[in-house]
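Please arrange chain B on chain A, whose structure you already have, making use of the hints.
Going down the list, the protein sequences come from chains A and B.
If you're matching positions, the first sequence starts at 0 in numbering that gives the first Met the number 0 and goes up one per residue.
If you're matching positions, the second sequence starts at 0 in numbering that gives the first Met the number 0 and goes up one per residue.
These are computed hints drawn from the structure, not numbers from a lab.
Some clues are possibly wrong.
As the list claims (entries may be wrong) - Keeping only pairs whose Cα atoms sit at most 20 Å apart, straight-line, the calculated PhoX-like set for lysine-lysine is:
1) A:Lys50 - B:Lys242
2) A:Lys23 - B:Lys230
3) B:Lys108 - B:Lys180
4) B:Lys371 - A:Lys63
5) A:Lys50 - B:Lys252
6) B:Lys43 - B:Lys60
7) B:Lys159 - A:Lys50
8) B:Lys252 - A:Lys11
9) A:Lys11 - A:Lys59
10) B:Lys371 - A:Lys59
11) B:Lys463 - A:Lys59
12) B:Lys463 - A:Lys23
13) B:Lys213 - B:Lys108
14) A:Lys23 - A:Lys59
15) A:Lys63 - A:Lys23
16) B:Lys108 - B:Lys43
17) B:Lys230 - A:Lys50
18) A:Lys23 - A:Lys50
19) B:Lys463 - A:Lys63
20) B:Lys371 - B:Lys463
21) B:Lys230 - B:Lys43
Remember, predicted model here, so these are calculated numbers, not experimental data.
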Amino acid sequence: MVKLSDIEVGQKVEIFQFIDSDIKLFSSRFGIEEGQLVTCTAKPGAVVISKNQQEIAIGKDLSKQIYVKVI
Amino acid sequence: MNISKGRVAESLQHLFASVLACPHSHSANLNNSKNCADRLNLPKIVLAGNPNVGKSVFFNKLTGYYVEVSNYPGTTVDISRAFIEEAEIIDTPGIYGIGSFNEEEIVAKEIILQVDTVLNIVSALSLERDLFLTQQLIDMGYKVLIVLNQTDEARARGIKIDINSLENMLGVKVIPTIATKNQGIDDVKENIKNARTGRRIDFLKNIPEKDVLKLEEDPEQRNLIYTERRKRINEIVETVLSKTNKGVSISTKIGILLLNPVIGLTVSAIILFALYQILGVLVAGNFVDFLENKILLKYYTPWITNVVSLIVPDGAFREILTGEFGLLTMTVQYIIGVLLPLIISFNIFMCILEDSGYLPRLAVLTDRFLAKIGLNGRAVIPIILGFGCITMATISTRILGSNRERIIANTILGLVIPCSAQLGIIVALMALAGGFKAWIIYLITIFTVLTVIGTVLNKILPGKSSYLLIDLPPMRLPVIKNVFNKTLSKTNHFLKEATPLFFLGAFIVSILKMTGGLKVIQHTLAPLTINIMHLPAETANIFIMGLIRRDFGAAGLAEMAGMGTHAAILTQAQVLVCLVVITLFVPCIASVIVMFKERGWKEASTIWIGSWIMAFIVGGILSSILGFVM
Chain A
0 MVKLSDIEVG
10 QKVEIFQFID
20 SDIKLFSSRF
30 GIEEGQLVTC
40 TAKPGAVVIS
50 KNQQEIAIGK
60 DLSKQIYVKV
70 I
Chain B
0 MNISKGRVAE
10 SLQHLFASVL
20 ACPHSHSANL
30 NNSKNCADRL
40 NLPKIVLAGN
50 PNVGKSVFFN
60 KLTGYYVEVS
70 NYPGTTVDIS
80 RAFIEEAEII
90 DTPGIYGIGS
100 FNEEEIVAKE
110 IILQVDTVLN
120 IVSALSLERD
130 LFLTQQLIDM
140 GYKVLIVLNQ
150 TDEARARGIK
160 IDINSLENML
170 GVKVIPTIAT
180 KNQGIDDVKE
190 NIKNARTGRR
200 IDFLKNIPEK
210 DVLKLEEDPE
220 QRNLIYTERR
230 KRINEIVETV
240 LSKTNKGVSI
250 STKIGILLLN
260 PVIGLTVSAI
270 ILFALYQILG
280 VLVAGNFVDF
290 LENKILLKYY
300 TPWITNVVSL
310 IVPDGAFREI
320 LTGEFGLLTM
330 TVQYIIGVLL
340 PLIISFNIFM
350 CILEDSGYLP
360 RLAVLTDRFL
370 AKIGLNGRAV
380 IPIILGFGCI
390 TMATISTRIL
400 GSNRERIIAN
410 TILGLVIPCS
420 AQLGIIVALM
430 ALAGGFKAWI
440 IYLITIFTVL
450 TVIGTVLNKI
460 LPGKSSYLLI
470 DLPPMRLPVI
480 KNVFNKTLSK
490 TNHFLKEATP
500 LFFLGAFIVS
510 ILKMTGGLKV
520 IQHTLAPLTI
530 NIMHLPAETA
540 NIFIMGLIRR
550 DFGAAGLAEM
560 AGMGTHAAIL
570 TQAQVLVCLV
580 VITLFVPCIA
590 SVIVMFKERG
600 WKEASTIWIG
610 SWIMAFIVGG
620 ILSSILGFVM
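Here chain B stands alone, though its shape is the one from the complex:
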């Protein structure tokens, strides 16, 4: 499996450097009484466990600091750390074992190798699977404290675990918890000091602990060790686990139903329709109209324009602040009036989906199609996350099994996936572009580009893609508090990232307008906009704004299309062409920066320039076709 070791090394270097530097990270808020020296003396404890066993929930409860929690494997791709009275806690990505099978394992392994105590989170729902990592940690000589989480769900499914026997057989302490309900957290804190080394498998008895991992690097030895370890786990599970026949739970039944292609796709269609109704009709139509026209344009804009005119003399500076592309007028209006409501509602929707356990099932349903474009079903997770924020999705492509899959997924993210803010405007503008007919043309165009690009990359990229092999988490009712916290966290991320860029974009466009640069660019792009895509010259403004952020460009497009009280200067066909071009256009500056960081300059610049070319070519073709059909 191709892993970028440089990137892993970089993130680890960063982690350990930050530990040593004791920066004002989130941990600083938790225990201000402790100074850096005290903190450095605290024992370091790693939270380790299989994917989706509740490590991040547990980290949140234990430390009071929020890291994102979802109901799909691979939510944590970065490392979080925080201080509590007893120790420094480091969260790690979910892994099934310590080794080098994928990037998560490499990252987690390097961190685990730096400490001697591990808080091992084990799900009571999948003891047989989770104990592999536990036994491996014990075999490697770590001091382990087991947190047996999700015991409520296990009980509901008729699973009973004899904790005393489990403790005796493993030789380490086991604390049952229900992290989502705060149960057992204090017990864990009190027992951190009781973490101890456990019973190693007989096969490794004469091998020094520190040599176990090295021995496992040899394929033959690894095979033998894994077989013996699995044998021991089977013995343990047989002894400690008993089941009462409670029948199949509703959540299991729903989970299986969603795997039926007809039902699964119907549910997807219903979800898309609900998204359209909520985002396109309710939020973009009614709420944005109210906020933008009845509040901002009626009260805020005249007020701020008046205040600025009293303080700032007429001229360039006033134009920058309150002119057509004003920092205090248009920019504020776009961020607060248009994008923020869309972002919040989209994030609530996404968080519910993430927490329900639907996404891994969608991964199974889409595996067949994604395999044709060189990916496997797992790639649906970064792609869906991309509809929220391309920057975050680009980082989450790390969960993919091979380098070629990451290249394909990043190209798709950079090219065809609109982010939430942009999507909100696209959904709202579809009504102005011709409604149902416009939707169909848009979806066919984007899907065709996705298929062609994926198929071509799958053919030309060397190597082989990895197979789908994933655990399906139980379907769960999303917890309102987590949906709220996660929406807040994602929205905060959006504001922090987008706001400075929006101001920068508005500033640049204002300067260009005042210096005549905007006209020059419009004139230069004229062969593309007017001759090839049959659009008015002013649409060049949208593309310049889109270069800073695609959603910024989309918000500009909303105005030209006649959203709200503005007069439309684009025809329906032109709006549709612009929507396609803006979708395919380069991702926002933040995403491009992350893409360069994640994928290197050569690959990222190819994707970047490729998306320009692709956007205008597809826009030109679509415009010619629409000349006949619309």
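The following block holds chain A by itself, in its conformation from the complex:
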């Protein structure tokens, strides 16, 4: 298990855990939830993940609070 901020571009990961419960709820509305598979498409500081056709940018500090499992 690693932090989302530590993954590389092109890696596919499963969202494992959100540290902050507010962020967990807000992310759930975006369609990002624990157990979701996402791919890192860019990492210019913030982490950009894609899921189906959706692309979501997650700020660097926030990405340190999300744990993922590399697939």
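What follows is chain B alone, placed relative to chain A:
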């Protein structure tokens, strides 16, 4: 999250008061045959949906009234309403769910709570995300009609949606549309009456609809409801959505390329260079010169001066109308000859940027830097909009997640961001201030002030800033018609706001000149202008004009710097100092009024007075340094 509930309440109060008063708003133009009583009897229907799914385009097409449309989340921060034959339509800011996570949600929630029918705009590109709000609306017992928009883009990306299954699973009618191409709009109008309540999630079956939102206020219950709702949406999406493997689209590839720091920054540099070439060289250099010198000064000014001299006897009134700061001479010349061409060309440029989907990507690229000054990447949107108009940008700081971010962003907007009209003149004057060298010194100075102010505010303001978590919209080719409409709307806004202030400013300066007040002010400001900033006493005029509007001051500066056919009375270094001071100087009266309204008198007056002090201090320091380097 800190939300100013007073402000939200105020805007809602205004909205509902205006509904009851049935004023001559834009809606009056749409259906004059309907009187107020008829209108009040029409059902009220709210347009709701996630950010950037085309709600405003849809509102425009449905009602025929134009509200601004862009390709970034958060374009709509205010509420628009209009009447059609079938109903009264109310547009709302984009939200991911109904709750109190941010100001947009609070505003949208309060409006949705007042109606029983919702036209839910869902993007076919992001069904999984958008259906959360849909299911929540259904769970709350609303009559819903789903408008499945952007179906053309979805098809191009190989996404296929089984509309019948979607209707069956949700229990409400779904109308596919392509709002930008007018497809499906009539279908929606015809089906408004078919909006109905849908299938609620099993978890909430025994809970009365009206209690759902209250239940969601409890964190534990909310967690459970959200999980169950998400589970249901996943089931729906799995059933109705299929994908053909079309590979990665060009727009996706471009979008990813722009997120590469090297490519992204190179593109930013190219955009800035293009802006300089178009605004600084082509428009400010050639077109303004032609319009001002070959048309206005050659034909208009002598003509109006002559006409006025025939009607108005020599004296104070004639001086006010056609004197040095004349309402009919200098003011008209500044507005039509200098600012209008710059504003129009800048707005076209900005509209293309807004509609392309570039701005959210810039938000991602700038997140790292902005986090250091207490903001997140999202703040780049109000900042970029500020280059267009500070007034509009001040309002758009509402999209920021916390109060401290709004304070920082408003201070930056009030202090370091020049508006489009001012920027046009700055770009044009850079050539007179020394070209490339002047640019570098100017940018370093402004960037240093921005960093220092942001860092200090980030340190001293209590609380924590919010994180960046945004959806990146697809890159799109801007639609010419929308660029045209939006440019027209923004230019119209500028003229309406700026023209009376320009006349007021010219009037005040004329009176000051005639009564000797101008000399007194020049004399009073002399220690600042002459001793600290090493500028001629007359530059005080620019600052007085700048107090009314910064671009008005900048236009005055253009004349003193020798733009057009005027003889220069400032050296290159002095022009540069003036440009920096005018940039940092107080924003125009309209922006100050909006700032007081948005931020309250205490905070706004601190920003206002602070920008005076900062402008003159930085001007003084720069002037001393330039004494050595220029």
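Hint-by-hint comparison with the structure:
For the suggested pair Lys50 (chain A) and Lys242 (chain B), the alpha carbons sit about 13 Å apart, so the restraint of at most 20 Å is met. Annotation: proposed proximity of Lys23 (chain A) to Lys230 (chain B) holds, straight-line Cα distance about 15 Å (limit 20 Å). Straight-line distance between C-alpha atoms of Lys108 (chain B) and Lys180 (chain B) comes to about 30 Å, which puts the hinted pair past the 20 Å bound. Only pairs whose Cα atoms come within 20 Å are accepted, and Lys371 (chain B) paired with Lys63 (chain A) is accepted, the gap being roughly 16 Å.
At most 20 Å may separate the alpha-carbon atoms for a hinted pair to count; Lys50 (chain A) and Lys252 (chain B) meet this at roughly 15 Å. At roughly 18 Å between alpha-carbon atoms, Lys43 (chain B) and Lys60 (chain B) fall within 20 Å of each other, so this suggested pair holds. A distance of roughly 16 Å separates the Cα atoms of Lys159 (chain B) and Lys50 (chain A); the hinted pair therefore holds under the 20 Å criterion. The suggested pairing of Lys252 (chain B) with Lys11 (chain A) holds, with an alpha-carbon distance near 18 Å, which does not exceed 20 Å.
Pair hint Lys11 (chain A) plus Lys59 (chain A) holds up; C-alpha atoms about 18 Å apart against a cutoff of 20 Å. Using a Cα cut-off of 20 Å, the hinted pair Lys371 (chain B) and Lys59 (chain A) holds, with the two alpha carbons roughly 12 Å apart. Between Lys463 (chain B) and Lys59 (chain A) the CA atoms are separated by roughly 15 Å; this keeps the pair inside 20 Å, and the hint holds. Annotation: proposed proximity of Lys463 (chain B) to Lys23 (chain A) holds, straight-line Cα distance about 18 Å (limit 20 Å).
Proposed proximity of Lys213 (chain B) and Lys108 (chain B) is supported: the alpha carbons are some 13 Å apart, at most 20 Å. A C-alpha spacing of about 16 Å is found between Lys23 (chain A) and Lys59 (chain A), which places the hinted pair at or below 20 Å, so the restraint holds. Restraint check: the Cα-Cα separation between Lys63 (chain A) and Lys23 (chain A) comes to about 13 Å, which is no more than 20 Å; the hinted pair holds. Proposed proximity of Lys108 (chain B) and Lys43 (chain B) is supported: the alpha carbons are some 15 Å apart, at most 20 Å.
A threshold of 20 Å between alpha carbons decides the hint, and for Lys230 (chain B) with Lys50 (chain A) the separation of about 16 Å falls inside it, so the pair holds. With a C-alpha separation of about 17 Å, the suggested pairing of Lys23 (chain A) with Lys50 (chain A) holds against the 20 Å cut-off. Annotation: proposed proximity of Lys463 (chain B) to Lys63 (chain A) holds, straight-line Cα distance about 16 Å (limit 20 Å). As the CA atoms of Lys371 (chain B) and Lys463 (chain B) are separated by approximately 12 Å, the hinted pair is consistent with the 20 Å bound.
Simply put, Lys230 (chain B) and Lys43 (chain B) have alpha-carbon atoms about 32 Å apart, too far for the 20 Å limit, and the pair is violated.
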